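J.: Sequence:
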Amino acid sequence: MNQRRDFLKKMGLASAGLLMAQSDLLAARSFAKPKQIGLQLYTLREELAKDVKGTISKVSKIGFNHVETFFNYTGDASKDLFWNLKATELKQLLSDNNLVSHSGHYQLNDFLTPNNGKDDALKTQIELAVALGQKYLVVPVPPFGLIDKMTLDDYKFMATQFNKAGELCHKAGLQLGYHNHFWEFKVLQDNKSGYDVLLEETDPALLSFELDLFWTVKAGKNPVELFKKYPKRFVMWHVKDIDKQFAKAVYPDANKKGIFDTLREVKFTEVGTGAVNFKEIFAHNKDLEYIFVEQDQIYREDKFESIKMSYDYIKGNLI
1 MNQRRDFLKK MGLASAGLLM AQSDLLAARS FAKPKQIGLQ LYTLREELAK DVKGTISKVS
61 KIGFNHVETF FNYTGDASKD LFWNLKATEL KQLLSDNNLV SHSGHYQLND FLTPNNGKDD
121 ALKTQIELAV ALGQKYLVVP VPPFGLIDKM TLDDYKFMAT QFNKAGELCH KAGLQLGYHN
181 HFWEFKVLQD NKSGYDVLLE ETDPALLSFE LDLFWTVKAG KNPVELFKKY PKRFVMWHVK
241 DIDKQFAKAV YPDANKKGIF DTLREVKFTE VGTGAVNFKE IFAHNKDLEY IFVEQDQIYR
301 EDKFESIKMS YDYIKGNLI
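Residues 1 to 319 in UniProt numbering are what the sequence shown lists, from first letter to last.
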């Protein structure tokens, strides 16, 4: 439980005919380059807990067009509340501030754990995503109890479950997504990583990917190479920057240090002030639908000043 809190601080298939139809739709789908900027609300989690209405108002006044929610990172899974607001109330608050939510992060610990696979939380959270008017239901992390000991077989089980969850999401008018950190890129066996498994063993029509640019680069990977190898999979990006003094990739050192010790040695900064080459990455955004500013930890006293700096850089230089 303490490790979980530390981490959070730091930061059956359908018929062949149906699958072919879904694949055809995916192949035909194309996105205009994003002209709007979203914010992952986890960035302002402390402010939201204190004053959700005032925080949302400030986010809107900065210029953000949409927000990505997060749900049940801690607490009772049965509570359908966002900062003491029901999903419909949050949707109305966003609307009152000229904001919408296209995507949300949701926890599926039981559903993704081998020998468990319960889909109760999935069904409940699908209902929440629908109530918020969202398009994407995004899983941001493997089961908490397995984060630091995931095997290739665990990722294979996740892939199987994602295919099942993707079908349930489609029935509700949603698209399932997965958001990465750095540990998915760890080479486990046969020169294969967990991320390879998720990309290769899930149906592209049933699972999309939200690429966290910070964690991808910190893992020593080039996002552009992923875009080329797996076209049409990366429809959303988390746009956040690496402090230049902490630019070194975590691998191979992370293999010995482990996940939680490695997390203590990363540092975030405002977009455009750090080590990530965003202009190169944004030159390859033809499959991109939504972007979200996120900063797991903000070190400035005024967090709204921080997110405005990131917003202004993206608006002035990348879109």
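Please keep in mind that the hints were generated in silico from the structure rather than gathered at the bench. Remember, it's a predicted structure, so these values are computed and weren't measured experimentally. Treat the hints with care, since some could be wrong.
Keeping only pairs whose Cα atoms sit at most 25 Å apart, straight-line, the calculated DSS-like set for lysine-lysine is [to be verified]:
hint: 1; residue 1: 228; residue 2: 248
hint: 2; residue 1: 86; residue 2: 50
hint: 3; residue 1: 192; residue 2: 244
hint: 4; residue 1: 257; residue 2: 186
hint: 5; residue 1: 33; residue 2: 315
hint: 6; residue 1: 61; residue 2: 86
hint: 7; residue 1: 229; residue 2: 286
hint: 8; residue 1: 308; residue 2: 58
hint: 9; residue 1: 123; residue 2: 86
hint: 10; residue 1: 86; residue 2: 135
hint: 11; residue 1: 123; residue 2: 186
hint: 12; residue 1: 286; residue 2: 267
hint: 13; residue 1: 50; residue 2: 149
hint: 14; residue 1: 186; residue 2: 91
hint: 15; residue 1: 308; residue 2: 267
hint: 16; residue 1: 164; residue 2: 192
hint: 17; residue 1: 229; residue 2: 279
hint: 18; residue 1: 315; residue 2: 286
hint: 19; residue 1: 135; residue 2: 53
J.: Give a verdict on every hint.
T.: Structure-based check of each hint:
1. 228 / 248: Between residue 228 and residue 248 the Cα gap is close to 24 Å, so the pair holds against 25 Å.
2. 86 / 50: Since the Cα atoms of residue 86 and residue 50 sit roughly 16 Å apart, the hinted pair holds (cutoff 25 Å).
3. 192 / 244: Between residue 192 and residue 244 the Cα gap is close to 29 Å, so the pair fails against 25 Å, i.e. violated.
4. 257 / 186: This hinted pair holds, its Cα atoms lying about 13 Å apart.
5. 33 / 315: holds, 13 Å
6. 61 / 86: holds, 23 Å
7. 229 / 286: holds, 14 Å
8. 308 / 58: OK: residue 308 and residue 58 at ~10 Å, within 25 Å.
9. 123 / 86: Measuring from Cα to Cα gives roughly 17 Å; hence the hint holds.
10. 86 / 135: holds, 18 Å
11. 123 / 186: Not OK: residue 123 and residue 186 at ~31 Å, beyond 25 Å, violated.
12. 286 / 267: violated, 29 Å
13. 50 / 149: Given pair residue 50, residue 149 is violated - Cα atoms ~35 Å apart, limit 25 Å.
14. 186 / 91: It is violated: about 38 Å lies between the C-alpha atoms, which goes past 25 Å.
15. 308 / 267: holds, 19 Å
16. 164 / 192: Between residue 164 and residue 192 the Cα gap is close to 23 Å, so the pair holds against 25 Å.
17. 229 / 279: Distance of about 20 Å is within 25 Å: holds.
18. 315 / 286: holds, 18 Å
19. 135 / 53: Distance of about 23 Å is within 25 Å: holds.
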